[in-house]
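Using the hints provided, position chains R and X relative to the given structure of chain S.
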Amino acid sequence: MSLSNIQQSASQHLPFGDQRGARFYGTDILSVNQFSKEDLAYIFGVAVEMREMVARVGTFDLLKGKILANLFYEPSTRTSSSFTAAMERLGGSVIPIHEVKYSSVSKGETLPDTIRTLECYADVIVLRHPEKGASAIAAKYSKKPILNAGDGVGEHPTQALLDLLTILEELGNVENLTVTMVGDLKYGRTVHSLSQLLSLYNVKLHYVSPDILRMPPEIIEELNQKGISQTEHSTLEQALPETDVLYVTRVQKERFDNPEDYEKVAGAFIIDPEIMKAAKKKMIVMHPLPRVGEISMDFDDDSRAAYFRQMEYGLFVRMALLALVLGKA
Amino acid sequence: MSLSNIQQSASQHLPFGDQRGARFYGTDILSVNQFSKEDLAYIFGVAVEMREMVARVGTFDLLKGKILANLFYEPSTRTSSSFTAAMERLGGSVIPIHEVKYSSVSKGETLPDTIRTLECYADVIVLRHPEKGASAIAAKYSKKPILNAGDGVGEHPTQALLDLLTILEELGNVENLTVTMVGDLKYGRTVHSLSQLLSLYNVKLHYVSPDILRMPPEIIEELNQKGISQTEHSTLEQALPETDVLYVTRVQKERFDNPEDYEKVAGAFIIDPEIMKAAKKKMIVMHPLPRVGEISMDFDDDSRAAYFRQMEYGLFVRMALLALVLGKA
Amino acid sequence: MSLSNIQQSASQHLPFGDQRGARFYGTDILSVNQFSKEDLAYIFGVAVEMREMVARVGTFDLLKGKILANLFYEPSTRTSSSFTAAMERLGGSVIPIHEVKYSSVSKGETLPDTIRTLECYADVIVLRHPEKGASAIAAKYSKKPILNAGDGVGEHPTQALLDLLTILEELGNVENLTVTMVGDLKYGRTVHSLSQLLSLYNVKLHYVSPDILRMPPEIIEELNQKGISQTEHSTLEQALPETDVLYVTRVQKERFDNPEDYEKVAGAFIIDPEIMKAAKKKMIVMHPLPRVGEISMDFDDDSRAAYFRQMEYGLFVRMALLALVLGKA
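Residue numbers (my numbering), protein chains in the order written: chain S, 484 to 812; chain R, 484 to 812; chain X, 484 to 812.
Just chain S, same shape as in the assembly (with noise of 0.2 Å):
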């Protein structure tokens, strides 16, 4: 739907004169070029609500009656998960679509057909694919809402979200801080997606990874016309005693056409209680998750640990975003 069919829609059957709110109502959510500062503003408030309802009554019925058709082409325990628990805590139902068989989106078959299938049965679709632009396809194709959890090398704007929301709710504000970026920053879509909701803000980016995992000169140069100040570096040691939020991601011993090579920088980027020294107190440490290794267990229950509340701030944003785009936040 187009957006001034989907307000014009939203205004007449949302019972409340909301334009802010309505402004979600029915629409896909692709990527997070689609936010504005607003946009941010208003999910994030009611991330928080939904947080405060947890806390209080655990679930409750504002999607009673409604159906999420939870589309995994390819596993994600995590994030199926977190969807899942986000719909059921509204009180609306689920269609687990966990087996289906891989097929290529570029066919042009399957995809809009399994789509024009489950719109009729569901309310909101959310899927995960593997392959970039899949959700925009699906998008194309479906008069319910697509909420994109992953298409590939493409976009997963809901963990972007998640985590923007784990900074503002940790820290209290994005604007000033210093965010260094560690790891796999060439592959890593979460890094990417994150990157560019901070160019919205005023903040200091470091990139630290080795260097064949780079930050993609592309992004360097847009977040540059945006006015964002970014330095790249090989070790953490100069980037960590001024960084507000360390955003660590896996390094893929893959990526390395030598073993050896990856055995010599895996383990710079290994955060444990020592390095942690070297950081302010008042900071916090993230992960996409899974983590193998790249943060020590020793660490976790250091306050400045925040990749397991990270998780939990998924949760109430996946339940705004489902409120939303049903018209019923």
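A portion of the hints provided could be inaccurate.
One copy or two, it doesn't matter: identical chains are merged, so the pair holds either way.
Here are the computed lysine to aspartate or glutamate pairs in the DMTMM-like style, where the Cα-Cα straight-line distance is at most 25 Å [claimed, not checked]:
no., residue 1, residue 2
1, Lys623, Glu777
2, Lys763, Glu720
3, Lys687, Asp755
4, Lys709, Glu658
5, Lys811, Glu535
These aren't lab readings, by the way, just hints derived from the structure by calculation.
Coordinates of chains R and X only, in the frame set by chain S:
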């Protein structure tokens, strides 16, 4: 349960005196052959009510507290999701059982035991199984109603019911229609069941298929005896202009010994806007889905393209059947 | 949580002053060894209430709004479905997580992180894992209660509880019964746990097994010290006539080096109507299921065949445990 037992028990349990609805209480849905014309009219009446309720309120609590075991020995996203949605839109819950390892029913062990376990947990069981007759075996052992969601080369009665409902709702009537079935008529479970259901009405049938995939002679003979007019064709040309319902099925490459033979015929049965110029303005094109090229996506926006609406009728038929066998319709 | 914390917190949270029920609030169910005779009596009392409620109303809203994460690292249709049904019959919701790739707990990485993610979404976690001790590790990291649904060669406490409840409900009492365990007593997790639970009562045990599958000496020693009478046999003949509970388990071919050795013994432990002529009129035959020929289907209609009713007791025990650990029973 025997039918007389069921009727007796139903009239005791049901809060209303409707003997027609009561007739379905506790019954298994195994085959299209179990339905009379009056049964079909009753089921479709309930299905149309379900459509109205879904349009009005989306979901309602007719089966609140009831549990469906969705037991799939082979994957079928479409059918499984449809039954899940049907149960959830009626306020009931689902136990999804999709990872069952295939174990031969012919050995007589596992399926009866699995069914007797599930009847301890659930109020109704939907069964998809690769072996013909599996649902009848399940029904023999189960005290709870079994809905056959496809048993190998056997039957898939809810598909045939939704096909017939689609014709009824889209064209207003089944009597005196010309129905043309296209594609693999030899192995297509769907066309076998549908032709049997249609033989209850006064219809004219055209069969269009490659020579090696013709409608089985025993079905032709059976319908002959019921006085149904049937004509076989090797191309669409002759039948298309007078067709009210064009039922398209997939021709699988694997059916041909020689790939060249496949290539020769496959193209002759592809439905696209050009070919459909020869068809009536008021007619419908159906397909059990998934399609793999038998109907061009270019035709999807044509109002005669009924195959996605067909999916929706599937939801309403399954809602009706669940409500009926649980004595709540 | 430590027990004293739990009790304190429970007495604050629970609307009633029942210290016995409160004792279970927030606890993990990891092992049969954690239960006293009084605990068992309490759990079974709640289970019997659950049975009455299910018979009367099918489903009720005791756990409405509560979410169960059903985390299965290996498939177990029966156990998984039983927990799902238990949660749904109590009005709660389920996050089904069945496609988890196996990742070694011994590496200490994935399971704790997965658990800490799921505790953000769910109120209670059921865990099935191929490694012994996995549920204890999960409990160590989780703030939400963990129910062990089988951890490799470790324990499967809810199975042992349902076995004991079956005996109690079918025979009225456990005291002074003669229980005969048949089949693979060496590797059978079920018989190990059950014998431990039974040792809380005054029972007489017979063990009937092939020589290479005898009950482990450490279990025999442990029960000896508790004063339990135990006798080993290589055939059923002697024990059967005085048996009150015949607990049959599967003898797996793979346990034998030589297939001929298997063929020689397997037949000796098959229960059928002929053999059962030597047994009492009032006694029960149990089996943890699935069976593969150990009990002839010809015996299924005998009133002493309790193995399908046993499945139902499993539902009631799991409903009781879920309600108890969530402070609602």
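Quick rundown of the hints versus the structure:
1. Lys623 to Glu777: between (39 Å within a copy, 22 Å between copies)
2. Lys763 to Glu720: So Lys763 and Glu720 pass the 25 Å test inside one copy only (13 Å; across, 76 Å).
3. Lys687 to Asp755: Within one copy only: 24 Å inside, 56 Å across.
4. Lys709 to Glu658: within (15 Å within a copy, 68 Å between copies)
5. Lys811 to Glu535: Classified as both: same-chain Cα gap 17 Å, cross-chain 22 Å, threshold 25 Å.
The structure is consistent with each of the numbered hints, conforming to all of them.
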